[in-house]
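Undergrad: What follows is the residue order along each chain.
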Amino acid sequence: DAGVIQSPRHEVTEMGQEVTLRCKPISGHNSLFWYRQTMMRGLELLIYFNNNVPIDDSGMPEDRFSAKMPNASFSTLKIQPSEPRDSAVYFCASSGTGRAGYTFGSGTRLTVV
Amino acid sequence: EDQVTQSPEALRLQEGESSSLNCSYTVSGLRGLFWYRQDPGKGPEFLFTLYSAGEEKEKERLKATLTKKESFLHITAPKPEDSATYLCAVQPGGSGNTPLVFGKGTRLSVIA
Chain Z
2 DAGVIQSPRH EVTEMGQEVT LRCKPISGHN SLFWYRQTMM RGLELLIYFN
52 NNVPIDDSGM PEDRFSAKMP NASFSTLKIQ PSEPRDSAVY FCASSGTGRA
102 GYTFGSGTRL TVV
Chain A
31 EDQVTQSPEA LRLQEGESSS LNCSYTVSGL RGLFWYRQDP GKGPEFLFTL
81 YSAGEEKEKE RLKATLTKKE SFLHITAPKP EDSATYLCAV QPGGSGNTPL
131 VFGKGTRLSV IA
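Going line by line, the protein sequences match chains Z and A.
Quick note on numbering: the first sequence equals residues 2 to 114 in the numbering used here.
Quick note on numbering: the second sequence equals residues 31 to 142 in the numbering used here.
One or more hints might be untrue.
As the list claims (entries may be wrong) - Here are the simulated BS3-like cross-link-like pairs (lysine-lysine), alpha carbons at most 30 angstroms apart as the crow flies:
id : chain 1 : residue 1 : chain 2 : residue 2
1  : A       : Lys134    : A       : Lys109
2  : A       : Lys72     : Z       : Lys25
3  : Z       : Lys25     : A       : Lys109
Unchecked claim - Short, incomplete list of chain A residues facing chain Z, as computed with Cβ under 7 angstroms:
id : residue
4  : Lys72
5  : Gly73
6  : Phe76
7  : Thr79
8  : Ala83
9  : Pro129
10 : Lys134
Read the hints as simulated data drawn from the structure, not as lab findings.
The beta carbon of each residue, even a glycine, is placed where N, CA and C say it ideally should be.
All chains should be modelled from the sequences, with the hints used to inform the complete structure.
TA: Below you can see the structure in the form of structure tokens.
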């Protein structure tokens with residue numbers, strides 16, 4: 002298995018532009034998590050899905066952030082419009098129903114200028 | 031509120047100098063405590079899961095232990111390749127897969 006795949010690896014965009022981050026979870030995993038990592042706040046949960054259904058989006062900072070999971074093999078996190086304070090590394094992770102650890106992707110480093 | 035506190039924030043060791051990293055937690059119904067390793071520019075990599083007080087797990091030079099309030103990651107005779115950020119996380123109780131709550135990590139540097 003190729004693991005959790007995120008794209009793009011790096012994104013530089015101007016303030017006000019729309020940004021879309023993509024994630025392909027591990028096949029067979031039924032839970033997907035979006036985290037954001039900054040030096041100040043560490044890893045923070047934004048939203049998570051179980052069986053493609055959003056369960057808790059209370060970590061999404063503002064209405065500018067939205068996430069979808071149209072099927073078991075794909076999820077997107079969209080920021081519209083983007084702001085400089087959104088600059089961070091965004092991670093996607095997936096997990097199955099067993100007791101194994103959550104598997105993280107390599108992350109998307111977002112820079113908003 | 032579920033919370034994880036890791037100490038120290040940073041640790042510098044000489045090669046072969048053993049030490050321990052601390053993870054203190056408060057959680058509603060602990061389902062598991064997780065340790066991850068994160069290298070610069072990469073995602074966290076799973077190391078261990080501990081489920082109950084008294085449990086211990088080992089992998090090479092690393093050993094994780096768990097009590098009702100904290101976990102320790104013991105590093106025995108570390109090597110430079112053990113340099114990384116080590117993250118601790120708890121999984122609260124609840125139905126289905128509940129999300130992990132992470133500490134801010136300990137940055138470990140092992141000097142040859």
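Undergrad: Does each hint hold? Answer for all of them.
TA: These are the hints, each one checked on the structure:
Our distance criterion of 30 angstroms between C-alpha atoms is met by A/Lys134 and A/Lys109, whose separation comes to about 23 angstroms. Our distance criterion of 30 angstroms between C-alpha atoms is met by A/Lys72 and Z/Lys25, whose separation comes to about 16 angstroms. Pair hint Z/Lys25 plus A/Lys109 does not hold up; C-alpha atoms about 34 angstroms apart against a cutoff of 30 angstroms. Annotation: interface hint on A/Lys72 holds; nearest CB of chain Z at approximately 6 angstroms, less than 7 angstroms.
Interface hint status for A/Gly73: upheld, as the beta-carbon distance to the closest one in chain Z is roughly 4 angstroms, under 7 angstroms. Using the Cβ-Cβ criterion of 7 angstroms, the hint placing A/Phe76 at the interface with chain Z is satisfied: the shortest such distance is roughly 3 angstroms. With a least beta-carbon distance of about 6 angstroms to chain Z, the hint placing A/Thr79 at the interface is held under the 7 angstroms criterion. For A/Ala83, the interface hint is violated, since its Cβ never comes within 7 angstroms of a Cβ in chain Z; the closest pair sits about 17 angstroms apart.
Given the 7 angstroms rule on beta carbons, the hint for A/Pro129 holds: about 5 angstroms separates it from the nearest Cβ of chain Z. Given the 7 angstroms rule on beta carbons, the hint for A/Lys134 holds: about 4 angstroms separates it from the nearest Cβ of chain Z.
In summary, the structure is inconsistent with hints 3 and 8 from the numbered list given earlier, while agreeing with the others.
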